[in-house]
Structure formats: structure tokens, C-alpha cells
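Engineer: I would like the entire structure built from these sequences, with the hints used as guidance.
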Amino acid sequence: MSKSIVINAKSYAIDVPDDMPLLWFLRDKLELTGTKFGCGMGLCGACTVLLDGQATRSCVMPVSAVAGKSITTIEGLSAKGDHPLQIAWIENKVPQCGYCQAGQIMNAAGFLATNKTPSSDDIDNAMQGNICRCGTYQRIKQAVADAAIVMNEGMYKEVK
Amino acid sequence: MNLFNESTAQLINESRRRFLKQSGVAAGGLVIGVVIPQHAMAKFTQGAEDATFNPNAFIHIAENGDTLIYCGRCEMGQGISTALPAAVADELEADWSRVTVLQADGNEEKFGSQATGGSASIRTMYIPMREAGAAAKEMLIAAAAKVWATSAANCKADNHFVINTLNQQKLSYGELASLAANSPVPAKPVLKTKAQFKYIGKDLARHNQGDIVQGKLTYGVDTKLPGLKYAAITHCPVLGGKLKSCDKSAALKMAGVLDVVEIPRFDIPFGSIGGVAVVADNTWTAQQALKLLKIEWDLGANQSYDTNAYKAMLVKNVENPAEVMVERGDVQKAFTDAAHVVKATYTGGHLSHSPMEPNASVVWVQKDSCEVWAATQSPADIQKVLGQYLKREPKDILVHVTMAGGAFGRKFKCDYVHEATVLSQKVNAPVQLTWSREEDMRTGYYHSINAQHIEASLDKSGNVTGWMHRIAFPPIASLFNPAQGKATKDDVAEIANHPFGIANLRSENGDAPAHTRIGWYRAVYAIFYGFAYGAFADELAHQAKQDTLSFLNKVYDNNKDPKDAEKVRRSKGVLALAAKQANWDKRGALPKNQGLGIAVHYSFNTYVAMAVLVEVNGDDIKVLEVNAAVDCGQVLNLDGATAQMEGAVVMGMSYSLRTEIVFKNGAVVNSNFHQYPVLRINEMPVVKVHFVENDEKATGLGEPGLGPFAPALSNAVFAASGKRYRDLPFTPLAI
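From first to last, the protein sequence lines stand for chains A and B. First residue of the first sequence: 1, per full-length UniProt numbering; consecutive thereafter. First residue of the second sequence: 1, per full-length UniProt numbering; consecutive thereafter.
Since the hints were made in silico from the structure, they are not lab data. Beta carbons are placed, not taken as given, at the ideal position from N, Cα and C, and that holds for glycine. One or more of the hints may lead you astray.
Said to hold, decoys possible - If we take Cβ atoms under 10 Å as the criterion, some of the chain B residues that face chain A in the derived model are:
#1 M76
#2 G79
#3 Y230
#4 H353
#5 S354
#6 P358
#7 G406
#8 T434
#9 D639
#10 M653
#11 S654
#12 L679
#13 R680
#14 N682
To be verified - Derived pair list, reagent style DSS-like, types lysine-lysine, alpha-carbon separation capped at 27 Å:
#15 B:K426 with A:K29
#16 B:K202 with A:K93
#17 B:K554 with B:K567
#18 B:K194 with A:K93
#19 B:K253 with A:K29
#20 A:K69 with B:K216
#21 A:K93 with B:K688
#22 B:K216 with A:K10
#23 B:K622 with A:K141
#24 B:K216 with A:K93
#25 A:K80 with B:K216
#26 B:K224 with A:K3
#27 B:K216 with A:K141
#28 A:K29 with B:K248
#29 A:K141 with B:K202
#30 B:K192 with B:K156
#31 B:K291 with A:K29
#32 A:K93 with B:K198
#33 A:K141 with B:K688
#34 B:K216 with A:K29
Structural biologist: Next comes the structure, spelled out in C-alpha cells:
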């Protein structure tokens with residue numbers, strides 16, 4: 001019965017009901033609160049994490065279904081907050097309230113892993129599952145585009 | 001001016017009066033001219049104890065120079081916790097990189113009014129915050145002058161140091177901290193000139209964005225405490241209903257469930273409307289157990305509320321004579337003498353704030369204490385409500401104000417904190433209550449459903465000679481007085497006070513009893529007043545065969561009342577700027593299916609004009625570009641101000657195009673974002689924001705961007721397609 005899961009390179013036993021979504025395992029059991037609850041139906045993207053590198057809505061993903069898999073949350077995206085997406089978010093001053101931004105960044109991370117040279121439409125298509133009520137879309141779009149360029153050229157910059 | 005503005009202004013005035021009174025009698029304390037009460041200062045005067053310098057409640061400078069600046073106002077993404085502390089730092093001549101901004105706990109004795117709404121924070125706190133910084137700087141300078149045995153006039157402050165201008169000696173703020181605590185407090189600190197600003201008016205990053213992009217910033221919903229229990233709740237779907245019965249047996253048998261608690265309606269504003277909650281050892285279990293409850297509600301008198309029928313009634317009420325509120329000149333004669341009389345009716349639906357962070361809070365009630373962690377726009381109201389509920393002094397309720405994951409007016413009304421309090425008391429543990437998205441959408445304080453009918457007369461030259469404006473909407477005042485079955489006099493004052501120059505005017509107020517909770521929603525009544533004024537002006541211009549921009553300028557120019565001169569000048573100023581930036585004069589060259597619309601609205605003491613460019617193909621409306629022109633006097637943070645306009649466009653697009661809260665059988669039909677389709681990134685237009693440069697007083701920007709957006713959009717669609725949209729949203733989702 002000892003199922004486990006790897007989160008941000010650390011292994012955890014799954015000691016919760018099988019149907020508990022990964023979101024609540026992260027938030028209430030592990031107290032990793034960077035991943036946010038927004039809608040509970042996979043409609044808003046606030047809960048997005050990477051599942052073996054792929055952007056996944058953790059609010060509708062039973063934790064038992066991802067046993068043995070590797071999860072990356074916003075807390076594990078980079079060691080020092082210096083992932084090109086995080087840097088691009090800072091440079092474009094994207095966040096307002098910031099609540100949706102972890103999900104936006106994780107979704108963009110999954111997307112840019114599969115599309116290294118995205119067009120404007122590609123970004124729209126990839127990011128339209130993530131709602132921002134403050135209205136930071138214009139900056140998100142620019143930040144994703146900026147990060148894509150940096151990642152493609154292998155450039156990394158230190159966060160200030 | 002709306003109710004919210006007035007009450008906020010009143011709060012500030014009261015607090016200022018209290019401060020002035022107290023500062024007159026205080027002995028030995030620090031007296032500086034900020035709107036915070038003097039007696040609260042006393043405890044900060046003995047900074048020497050720990051060698052820190054605490055000249056007032058907002059500033060703390062440690063021995064090593066590390067500086068804390070508190071933000072008394074609540075932060076919900078509008079950027080106030082960057083804008084105000086940066087203004088303090090500017091006057092303090094602090095090095096911004098040495099400053100840490102902290103969100104103040106709820107304490108109006110100490111920080112002045114913390115009620116955050118009405119776009120009032122900058123308007124009311126900009127000068128007091130600068131004075132707080134300037135006073136501290138002068139105290140640091142005085143301390144240094146004493147060390148150097150010279151006069152303060154020979155010293156200047158620069159980037160966390162005081163410099164002796166005679167010999168260039170320097171002392172750091174850290175070195176001066178404990179000495180400055182003994183400096184006399186300047187009676188009237190001298191403020192910097194605009195040319196001397198270092199941070200004010202510049203592009204500043206939000207102080208917390210580094211934490212945000214790493215998932216480190218904690219919101220109300222993220223609070224963790226040892227022994228924390230988790231709760232989920234369901235409410236009576238109809239306002240005024242009561243619990244009839246609740247079979248809890250299946251829920252109580254579920255592993256991890258601790259209790260099922262009935263929460264009765266707490267009949268004061270911002271108290272719970274009543275519901276049933278499950279407390280468990282995690283949120284998921286609580287949510288699942290909630291589904292096992294068998295609940296019967298006695299739905300009460302509002303169960304027939306149906307927004308389709310109600311809106312039709314509002315339309316009928318505005319298309320027939322109603323109570324006359326203001327009459328000036330002779331409207332009837334103006335209509336009789338008119339070359340044309342133009343009539344139009346505008347409507348708008350209920351809206352849910354739907355911030356991305358649903359209502360959530362942690363409360364821990366103990367025998368001698370009550371501690372709250374919550375995203376809130378008004379910690380004092382939490383203290384008031386909980387004080388009343390627990391029969392304790394409001395000041396004994398400790399409210400930790402967390403970052404709010406959006407609020408838009410919803411989190412002014414903290415029913416969710418009251419509910420967590422009931423639960424904590426019941427299970428004798430700290431409880432985190434998180435509303436589901438569905439509860440958030442269905443148990444709101446909604447933006448008012450509304451209808452307006454305007455009739456205006458034009459003379460042969462296209463001048464507006466008469467204006468009859470009839471409104472009907474359930475008012476926010478109904479929250480506090482359920483008998484208030486129509487808009488208040490103040491709510492309707494907008495019409496008589498509008499700066500259009502119209503000699504003959506009548507405002508009328510139609511019946512509109514509330515059947516749900518009506519609340520402040522970002523921009524409040526400016527949403528629909530802005531829509532009606534901006535869209536109707538375009539209709540009049542079209543009838544008068546004039547270009548809308550020239551027509552608007554003429555209507556403003558016809559206002560010769562000296563007390564409106566400023567409003568006329570500044571309204572025309574933003575119109576001209578938006579028109580220029582959007583190439584208004586070249587709109588004739590646009591492709592056939594594109595159109596440019598323009599509108600202007602003054603609200604919350606700020607002027608905004610927007611020019612919206614659209615492309616219309618059949619029913620499909622694509623917003624291509626928005627040029628926003630803003631006159632908010634002195635801009636505090638250029639980047640933050642720009643972001644507020646971008647956000648206004650996004651929120652404006654959501655409610656203009658599609659979103660509406662619908663009631664049937666007394667209950668909200670919408671359940672989650674699939675039935676409340678807010679704007680997504682693929683529809684985001686290019687937004688360009690332009691500011692009028694002037695030396696006017698600084699005013700707020702959280703709300704003023706919304707008023708002009710919907711009318712500019714509607715006018716643009718008309719220009720592109722000849723189709724008028726007079727109802728918000730233009731194309732509601734069928735649910």
C-alpha cells in the first residue's frame with residue numbers, strides 16, 4: 001500500500017484517500033501553498049503543476065493516479081527563483097495580485113518545453129486555460145515570448 | 001459620488017479630526033501631520049531602548065539601517081503597498097533596496113482608516129504618507145547636525161545617509177537611528193518638489209513580485225497553523241432563507257470529519273447569511289463530506305427572484321414616469337422646442353467579483369483572544385462584526401491582513417471570516433474555511449442589476465437642450481436598510497452633477513427593491529452611469545451628424561458653471577489625448593469592418609478616456625487596441641498605474657461582452673467559470689496607457705478605468721457595424 005510520489009525531487013508517501021486531488025495533497029498535507037486553488041474543475045489553471053514535465057491541473061488529478069510520478073511545483077521550478085520564466089515575469093512586472101501567476105508560470109514552463117519558438121497565436125492557445133482576473137494577459141504574453149527567446153538561446157540571467 | 005466614496009471620506013474626516021484633537025493635548029509624543037491618531041504614537045517614542053528609530057507607526061529604522069515601512073491600506077493587487085511606501089521612502093530619502101514593506105495588522109487607532117475601496121487610498125494617504133517620511137528625514141538630519149555640532153541647514157539626506165555639506169562627512173541612517181529617536185518632531189515637515197522625486201512617478205516593480213513568481217507569497221487561503229482544521233461550507237441559495245433540516249449522519253461517518261456545524265444567519269451587514277459547514281482534517285475531506293449532507297432549506301420570500309423578469313420590470317420602471325429627484329430649467333419646453341428628441345434605454349446585469357482567490361480565512365478563537373488571518377479590504381469591519389458576535393471589544397480581535405488574491409470589492413464584506421469564527425469556537429481549534437468557487441459565485445454581494453432611460457433634445461445646431469434621465473437599480477444601501485427599495489438620493493446625484501453642460505435637466509428614480517445582497521463592485525455605479533453617458537453621447541452625436549469627439553467637446557463647453565470648470569477642462573484633456581493616441585482623425589481610413597469608439601468618464605476623482613478599436617465580423621467582436629488616457633494628477637507608480645488600466649480593460653471586456661450573474665427561483669444559476677466566462681488571454685487586445693502631465697492632486701486608479709470602457713466599446717462596434725449594443729453584457733451566455 002505504500003504508494004509514493006516525487007515532488008520537487010523529494011519522495012513522499014501518499015497517506016491520504018486515493019481520490020484526494022494532488023492539489024489538496026500539496027496544500028493541506030505538504031503545506032506547499034504556492035499551488036493555488038481557484039475553481040476545483042480544471043477551468044482556471046491556478047493549480048497547474050508539471051507532471052513528468054507536462055502542465056497538469058492538480059485540482060482534478062487524484063493523487064493516487066500519479067503515484068510513482070515526478071511532480072514539479074512553483075516552489076521547485078528553480079533553486080533561486082531564476083528560471084527564465086521567473087526572470088521574464090519580473091522584468092515585465094507581470095503580477096498584480098499574483099494569485100494566478102504560479103499556475104501561469106507552470107503552464108508556460110510545460111508549454112515552452114514542447115514549443116521552443118512559439119508564435120503569438122501559439123502562446124494564446126497554450127495559455128488560454130489560465131485565468132487572470134486582474135488582467136495581466138498583455139504582460140504574460142510578452143513574458144512567455146521573452147522567456148522562449150532566452151531559453152532557446154540558453155541564456156540565463158541572475159535575478160536581481 | 002457613490003455611497004462608498006462618501007462613507008470612506010467620512011471615515012477619513014473623522015480620523016483626521018480625532019488626530020488633530022488628540023495631537024493638541026498630547027505631551028512629549030511625536031507630533032507629525034499625518035492622519036493617524038497621536039496617542040498611538042507614544043509607544044514608538046522610546047526607540048532608543050532597542051536602538052531602532054520609530055518616528056511613527058509607519059517607519060522603523062534599525063541600527064543596521066534596515067528599514068521597515070508599513071502599509072496600512074489593504075493590498076489586493078492594486079499596488080498600494082508599493083505606491084504608498086515608495087512615497088514614504090522618497091521623502092525619507094531612503095534607499096528603496098534597503099526597505100522592506102510590511103502589511104499592517106488591523107489597527108485603525110495606529111494606522112488611520114484601513115478601509116480600502118473607493119479608489120481612496122492615494123487620494124487620502126499620499127500627502128500624509130509623504131509627511132511621515134519627511135518628518136522622519138528631518139529628525140535624522142537633526143540628529144546628525146547635533147553630532148557634527150552644526151546646523152541642520154548644513155546637512156542633507158541622500159540615499160540612506162545624512163551628509164554634512166561643509167565637509168562631506170557622512171552618517172548612515174542606521175548609525176543615526178537611536179539618536180534620531182530623541183530629535184524634536186518637526187511641526188510641519190517640508191515636502192520635496194516634483195523635480196526632486198526619486199521614486200514617485202517612476203516605474204517601480206511591486207515590492208512582492210519576487211515572492212509571487214516563486215510561490216512564496218502567502219494569501220488568506222495559504223495560512224497554516226499548528227493544529228489547523230479545515231472547513232467547507234454551503235449556504236442557503238436564497239437570501240433570507242433558513243435551514244429547515246439537515247441530515248448529517250453520512251457526513252459525520254466519513255473518516256477525517258470532525259464536525260458538521262449549522263451557522264445561523266447573523267443579521268448584521270457583512271455577517272453570514274447562514275449555512276452548514278463541515279470541519280475536517282483537510283479541505284478535500286470537508287468538501288466531500290459536504291456533498292453527503294441532506295439539507296432542506298426554507299427558501300423564504302426571495303425565492304421568486306428571476307433576473308430576466310426583474311430586468312424587464314426595471315426597464316418598464318425607467319420607461320414610465322418615476323420619482324423626480326432633481327429638476328432644473330424646463331425640460332418639457334426643451335423637448336417641445338427640439339429639432340430632435342433622442343431616446344434610449346440601457347441595462348446591465350448582476351456581476352460577481354470572482355477574484356481568483358475564493359473567500360477564505362483562518363480564525364482562532366480562544367478564551368482570551370481571537371486571531372484572524374484573512375484577505376480583507378476592511379479589517380476594522382471584521383473587528384466590528386466579530387466583536388459583536390463574540391461580545392468582545394473590537395480592539396481585542398487581532399486581524400492579520402494577508403495579501404488578497406484579488407478582491408474587487410468582495411473582500412470588503414467578510415462574511416467568510418465571521419463563519420470561520422463560528423467554526424473555530426465550535427471545534428475549539430484554529431479553522432481555515434475555504435469557500436468553493438461555486439459558493440463564491442452563488443453567495444456574493446453582487447454588482448447591481450440596472451436600467452436607465454435617457455431622453456434628450458437637440459436644437460438645429462446639434463446642441464443638447466434638455467436631458468431626462470431615469471434610473472432604476474437595487475442600491476447598496478439595501479444591505480444596511482432592507483426597506484431601501486430604490487436608489488438613494490446620493491446614488492442619483494451623479495446625474496445632476498454630471499459635467500455635461502445641459503440647461504434643462506430632470507433626474508428620476510424608479511423602484512428597484514433588492515432580492516439579493518448588492519455590494520460594491522470595482523467602479524460600482526460608474527460602470528453603468530459611464531456606459532449610459534458614453535453610449536448615449538455617441539447616439540446623440542450620430543443624430544446631430546457630428547463627430548463624437550467634437551460633440552463631446554461641445555457638450556462640455558456648454559457647461560459655463562465655474563464650479564464645473566475643472567471637470568470640463570480635465571475631461572476634455574483626456575478625451576483629446578485618447579483621440580490623438582488612437583489616431584481618431586484618421587479613423588475614416590480603417591478597413592470597412594473596423595471601427596473606433598471613444599468615451600470619457602469622471603469617477604472617484606479621476607478622469608479617464610478610452611478609444612477602443614474593434615473588428616466586427618457578424619456577431620463576432622474582436623477588440624484590437626485600446627488607448628487609455630488618464631488624468632489622476634500626480635502619478636505615484638507609473639507601472640502600477642498602467643497596470644490598473646490594463647486590468648480595467650480586461651474586466652470591462654468580461655462584463656461588456658459576456659458575463660452576467662443570473663438568478664432563477666431566487667438562486668444564482670451560474671456555478672463556476674464555465675458559466676461565468678471571464679476574459680482569457682486569447683482575446684486580449686493591445687492596451688496603451690497615456691497620462692496627462694500636470695500638478696493636480698494625486699487621485700486613485702483602482703476603479704476609474706472601468707467607466708469609459710464599455711461605452712467606448714459599444715460605440716466602436718456601432719462605427720464598425722452599425723449595430724448598437726445598449727445592454728451589458730452584449731451577448732450573454734445562455735445557461
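Engineer: Taking the hints in turn, state whether each one holds.
Structural biologist: Checked hints:
1. M76: holds (6 Å)
2. G79: holds (7 Å)
3. Y230: holds (6 Å)
4. H353: Because about 8 Å separates H353 of chain B from the closest Cβ in chain A, which is inside the 10 Å limit, the hint holds.
5. S354: Holds, because the Cβ-Cβ distance from S354 of chain B to chain A comes to roughly 6 Å (cut-off 10 Å).
6. P358: Hint on P358 of chain B: holds, closest Cβ of chain A at ~7 Å, below 10 Å.
7. G406: holds (5 Å)
8. T434: holds (7 Å)
9. D639: holds (5 Å)
10. M653: Since the shortest Cβ distance to chain A is 9 Å, the answer is holds.
11. S654: holds (8 Å)
12. L679: holds (8 Å)
13. R680: holds (5 Å)
14. N682: Check passed: Cβ of N682 of chain B comes within 4 Å of chain A, closer than 10 Å.
15. B:K426 with A:K29: holds (23 Å)
16. B:K202 with A:K93: Holds - the C-alpha atoms of K93 of chain A and K202 of chain B are around 14 Å apart, at most 27 Å.
17. B:K554 with B:K567: Given that 27 Å is the threshold and the Cα spacing comes to 14 Å, the pair holds.
18. B:K194 with A:K93: holds (25 Å)
19. B:K253 with A:K29: Holds, at roughly 21 Å.
20. A:K69 with B:K216: Since the Cα atoms of K69 of chain A and K216 of chain B sit roughly 24 Å apart, the hinted pair holds (cutoff 27 Å).
21. A:K93 with B:K688: holds (16 Å)
22. B:K216 with A:K10: Holds - the C-alpha atoms of K10 of chain A and K216 of chain B are around 18 Å apart, at most 27 Å.
23. B:K622 with A:K141: Distance of about 18 Å is within 27 Å: holds.
24. B:K216 with A:K93: holds (17 Å)
25. A:K80 with B:K216: Roughly 12 Å between the alpha carbons, so the hint for K80 of chain A and K216 of chain B holds.
26. B:K224 with A:K3: Holds, at about 26 Å.
27. B:K216 with A:K141: holds (23 Å)
28. A:K29 with B:K248: Cα-Cα ~26 Å, so holds.
29. A:K141 with B:K202: holds (23 Å)
30. B:K192 with B:K156: holds (12 Å)
31. B:K291 with A:K29: holds (22 Å)
32. A:K93 with B:K198: holds (19 Å)
33. A:K141 with B:K688: Measuring from Cα to Cα gives roughly 15 Å; hence the hint holds.
34. B:K216 with A:K29: holds (17 Å)
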